[in-house]
Every structure is written in C-alpha cells, then in structure tokens.
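The listed protein sequences correspond, in order, to chains A and B.
The first sequence begins at 0 in numbering that gives the first Met the number 0 and counts up one residue at a time.
The second sequence begins at 0 in numbering that gives the first Met the number 0 and counts up one residue at a time.
Since no wrong hints were added, every one of them can be taken at face value.
No more than 30 Å apart at the CA atoms, straight line, and that leaves these computed lysine-lysine pairs for DSSO-like: (1) Lys376(B) / Lys396(A); (2) Lys396(B) / Lys376(A); (3) Lys237(B) / Lys289(B); (4) Lys333(B) / Lys396(A); (5) Lys333(A) / Lys396(B); (6) Lys396(B) / Lys365(A); (7) Lys332(A) / Lys376(A); (8) Lys289(A) / Lys237(B); (9) Lys196(A) / Lys332(B); (10) Lys376(A) / Lys365(A).
If you want the ones that stay clear, here's a sample from chain B, every Cβ over 12 Å from chain A, calculated: (11) Ser53; (12) Glu150; (13) Gln239.
In case anyone wonders, no lab produced these hints; they're calculated from the structure.
Model, not experiment: these values are computed from the prediction.
Glycine residues also receive a C-beta, built at the ideal position from the N, C-alpha and C atoms.
2 protein chains.
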Amino acid sequence: MKPVLRFIKNSAPTEGIRCQILAMAIAVLATCSTPQALRAQATGDLGLVVERASGSLLVVDQSDRASIGRITGLGDLSHASLVYSPDERFAYVFGRDGGLTKVDILAQKIVRRVMQAGNSIGGAISDDGRLVAVSNYEPGGVRVFDTDTLEMVADIPTGCKTIGLVDVPGTKFVFSLWDTGETWIADLSGDAPQITKIPGMGANPYDALVTGDGRTYIAGLFGEDHLTALDLWQEHPKPQTILPGYAKGREGLPVYKMPHLEGWALAGHDFVLPAMGQHEVLWVDARTLKETGRTATHGQPVFAMARPDGRQVWVNFAHPLNDTIQVIDTVTKKIIHHFEPGPGVLHMEFTPRGHEVWLSVRDAGKIMVYDTGTFEKLREIEAESPSGIFFTARAHKTGL
Amino acid sequence: MKPVLRFIKNSAPTEGIRCQILAMAIAVLATCSTPQALRAQATGDLGLVVERASGSLLVVDQSDRASIGRITGLGDLSHASLVYSPDERFAYVFGRDGGLTKVDILAQKIVRRVMQAGNSIGGAISDDGRLVAVSNYEPGGVRVFDTDTLEMVADIPTGCKTIGLVDVPGTKFVFSLWDTGETWIADLSGDAPQITKIPGMGANPYDALVTGDGRTYIAGLFGEDHLTALDLWQEHPKPQTILPGYAKGREGLPVYKMPHLEGWALAGHDFVLPAMGQHEVLWVDARTLKETGRTATHGQPVFAMARPDGRQVWVNFAHPLNDTIQVIDTVTKKIIHHFEPGPGVLHMEFTPRGHEVWLSVRDAGKIMVYDTGTFEKLREIEAESPSGIFFTARAHKTGL
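Could you build all of it, start to finish, from the sequences and the hints given here?
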C-alpha cells in the first residue's frame, strides 16, 4: 500500500500515468474490499475450530454464532491444540506431525510454519507473549520458539517423551517426563533456561494441568492408581498424592480413551476429574486435595469441563458412547441434564462468561451451539470433522 | 464503500467517467489509509484510560506500552468507569453526570451518547452482552439499556441511591440500596425484569463486589462495623456477617477516601480487603469468611488489588499518602516492595496474565508501566490527569 500512495503524492497526474494510477487504485480498491483489509474486526469474540481430517481451521465468530472463514494447509491436525497471542490476533497451532504453525486470525491465513519435531503433543505460550514452547514425543524434550519469527530460542532435551506442558507466571513453563516420573520447571525469563527438576511424581505421567492461578500442577499417572500434585508457590515444591487407590477393589474397565486433563476444572470448592477407566467423575477439595464425592456417569468421561462460573460441569464420553453429553450441578453433584447432540461429540468450549457452549459433533459434520441456562440448541454450523474448539479469550488465561 | 464498487462494476470506463472513478478511487484510498480502516487491529491487548479533567479517554496498547489515540467529548468523567462488549470492540462509559456513552475502540470515536440520569455511579454488562445496566444516585434506581441502540429497555426504581451494581450469570444484575439496606437481584433473561429482594444486609451499604465466579456478593457498610456476604448459589441467599467489629477498640481514623470494593480480590485462599478508616488490609478466608490476618500498611488503602495469579497484592493509598504503592506477598502476608511512583497514584490495572501493571499517576500526568516480577519501571506514557485504567480483557470476566 505505501508505495502506491507515495507514487500518487509525488507525481503530477498527466494523462499517461493517470491510467496507471487508475489501474493501481482499482487494484487497491479490490484489496480494500476483501473482508480482512476493510472490515474493522474486533477479535475478542472470535475462535478457531480444528478440522482434523482436512488439516484446516474454521474461523468462527461467537457473537454471530457463525463461521467466517477457513484457513487451510496445516498438515496433520489429529490431536492438535493451539494458543493465542496476547492481542488475540495470532494463533500458534501444535500439530501431531511436529508442525508449529502461526496463523493470523484477522487476515485468515498462515503467517509462518516450521516442522520443529517428528511428533509433538501440545504447547503453551509465555505470560509475556514472547515465547511459545512445544512438548515433543519424538525426539522428546521441549523446544521454545520466538513468537514473532518462530526461530528456536531454546532446546530442552529430556531423553524421553514429555507431557503436560503448561505456562505459569514469570515466563516459566512446567512439564513432566513419561519415562522418569519427573516434573521440570523451566524459567525462561533470563538469557538461558534455568531448569528445576522435581523427582518422585510417580510412574508414567500421561497428562497434567495447572490451575488458573498457576499455583497447583496436577499430573495424571498411567502407572499408578493415584494422581500427584505440586504447589508451585512453595520454594521447593514437593509431590503430594491425590486420590490414592481411587479404583481399588473395582474391576478396571478398558480405557477406550485417555481422559484429557486440560479438561479438569475448578467447580465451586472442588476440582472435577474424569476417572480413568471408570464410569464416573471424581470431586476433590481444591485445598485439601481429599475426595469429596463421585458422580456416576453414562460412560467413561473424556472431558469434564466446568462452565466458567463453576456452577455446572459438562461431560462427554469415550467411544462408543460419544454421542452423549451429561450436565452435572456443582452444588448437588447430581446430573441435571442428559442429551444426545449427535455422533462423535469430541470437544466443548464455553463462551468466556459461560452463557453458551459450542460442541464439536464430528460425525455429523457440525458445531452445535447451546444455551447453558435453558439447554436450548441455538445454532448448527457446518464444519469438516470438527474437533477442538478454541476461543480467543484463552489468550488472557494462564495454563490453557 | 459498497456503492462505489457497484458503480465501477456496472459501468464501462469511458474517458468521461474515468476521472470520476479516479477521484473516487483516490478518496477511497484516503479512507483506506486511515488507521481505523486499513490497519488490521486486534483488540485483545487494547485499553482505555479515563482522563477525568478533560473528559476524554486515552486509547492504549498493552503490547506496545503506548497510547494510540484519544477519544474526546465524554462529559464529566470524575469517578467514571466502563465495561466492554464481548468482542472487545465497544466500551460503555458511565459518567458521574448521568451520561452513558458507547465508544468504538477500533474507530476511536463515540458511537452513541445518552444522558440517562442526573447522577450515576457505575454500571455492568450482562453475560450475553445484550444489556448494560446503570446504577443511579439521582433519581436513584437502576436503568437497563440495549447495548446496540442505548435505548432503555427496563427502569427499576428503588426510591433511593443504589450502589454495588454487578452482573452475574443468567443475564442477571445484583445491586444494593443505601437507604433500606437491601440487596436486589434483577433477572433480565425474560421479557420483564424479575426482582428478588433480600433485606437485612445492614445499614448503608456503600459499595459491593462479586467474586469472579459470580457466587459471593460482599457489601461494605458505612453504618456498621462489619461487612455482609451473600451466597448467590443458594436458592434463597441469606446475609452472612463478615469481620464483625473489625475496628472495635481502636480509635477510628478519619476516612479520607472510601475504599473501592471492586478492588477487593481473591489472593490464594483469601479475600484481601482494604480496611475502612485504618492503615491496614484485612485477609478473610474465602470459604469460611473468617479473618485470617492483617497487614499494616503505609496509609489508608484505597485499592488492594491482587495480581491475576493472586501471588501479590498491590495497594495504593488515600491522600496525602497517595504517592506510594506497597506490594504484599500472599503467602507470608508481608510487604515485599515499597516505592513512590509519583504524586496521585489513583488506579492500577494488571495485564491479563499479570506480568506487568499499569499505574495512573495523576499529578505527574503519566501512566507508568512496571514489571511485576522485577518491579522495574518499563515505560512512562503521557496522559492528561489519568485515573481509571481499563483493559479489554475485562470483557471476558464476570462482575467487573
């Protein structure tokens, strides 16, 4: 744009160049008339939906309950997740194939893309928005990139698969090691990463979460019948056991689907956890980390997600019961609503203040929008095999 | 824009109209080159700073630590506050003079302005973004407006001054009555407001807050030596006394400045409250509502605000000690930093994930930006008598 304007300003418009100006002006008009350049677009109510089969992202608008564009060419998006820049303009997409892609949600296009590993499993963005970290299965370890350029600024090898990577305040990242049962805290605020290693988390941590205040890190363990927590506010955080033997004395059901721990949520005074291999969700006091109750559910929960105010918990289930959603009331811990949105309900995302929820119904090829007060369906939006839904409000939160 | 494009498409460009097209195209170019129309501006990291003396708003960018524009003509902005639309594009500004002004932060201009009362004291926006409510001293009561048009959709007279107006989930607003000591819950989800009245809150509630989950409403009382809480998740919420006789046995200091309760914050397991008429902040267990500690401070606290992760509490003070900030560590409840940014520190706003804080230093005519980890000053920004600072991330939160 700038060269064109300079040319017009500096030249006397004779008949000869008038045509050139005209042609350029019309070209500029054409540019202006695209939605990206012309429309004054606020980004606070936008979002991206992962379309795993086609390697694309659907750009959506919460207020209009509509899709407003599609970004293609993102490679293997099975198990993909993403984080947002602080201005809610750019998304960093972590593909299963090791691809790290920076997407401009305003221009609806890919800005940069690097293949940073052979097999990756999620990432996080630092509190200052300068760094994005990726957790890798192959070759293992964590790699940290500049959010502007996607150049690698730190490589943290671990010798094994890393899981449960989250950001915490102070330009720090926390993650766990599958093979050694350690949790590492990487402080990236200085020139070189400072690593603190915490052993004794337990056998084979497979996923983890951090609370919204960045204080409590909880790891799920594949090799033990309990979970492990860390209080990151302590000078030297020590592993604490949660829910020891929670499945003891009961025949373990086959694990159709590993529950996702990023779905764990604070609801009222409790954390709500999907029980691994059981048809129930578990309630744990957020302070004492003691069990406070169990709610029997329709199937093996995959995500147990609290509405942002914590008053309701929405649960979806593993195959073959993944056509169903149950809603639990936090005060009574009872199921207050049960419905079947359609085949393959893979993910849920609440509007930031919780009045609506969006569901990915993969095998129906639809996103469905519901009112969380009346449970009324408000809208269906076409999407190609939708999975994860990510609203831009995540930019303002720790640990997502 | 659209008529111009249509004209070009439908006409054969003969020499005669070519000049018209050229002129129009250049006019369009000029339009395109204004920052509003051309620049792809994400809104997630923007904010507004109230310039009370000049009745203007400074538009600021958190990532650039810079002011990027000014919006004028907002009338009396002493004690002004504002809320944001869910897309983080529009702000609704509540002026002390009863003015309600809708501002477009992308176009940097006033969209609509109505004088809705003689004297107003804050407002709130519903969870669905459809309604904005204003709390009035004169003529009293609460008035509710459509956020698109600013047309009044509900008038809720109370016969007296109303204070402590907040939004809670379910398209509801909660507020208290100075004269009668009642709290009212107004449900605006249907055609007509449904009002629930809760008497017995105590004498002369002067301000109130609701927790981020919309569950606990706490009113400060001018006529009593305690505070009163409501659990809004109960079917019939009952007033509970907090901190009875907290100033008993001690000579009350003159109240230079009423503490602002919207500054109350959840830090770790506790609420942190500025003590009225005392040189201290009070810590109250967020579950039991019992006092857990007191921290002696430099002066009478005005705002005691938790960093978003709750690990620090930043406190400013009433005149004549309002050149100072103290920072308290939540774990030890001890002051860990004391500094004097300059004369008239009126307000603080944290970046959404808490790595930086912006301070209004009114009598220095500056906003100052600090790193909350190192306490280093990162930037000074010129402003005309700045007071309240409001970042767009507030759009995604309940009760702010």
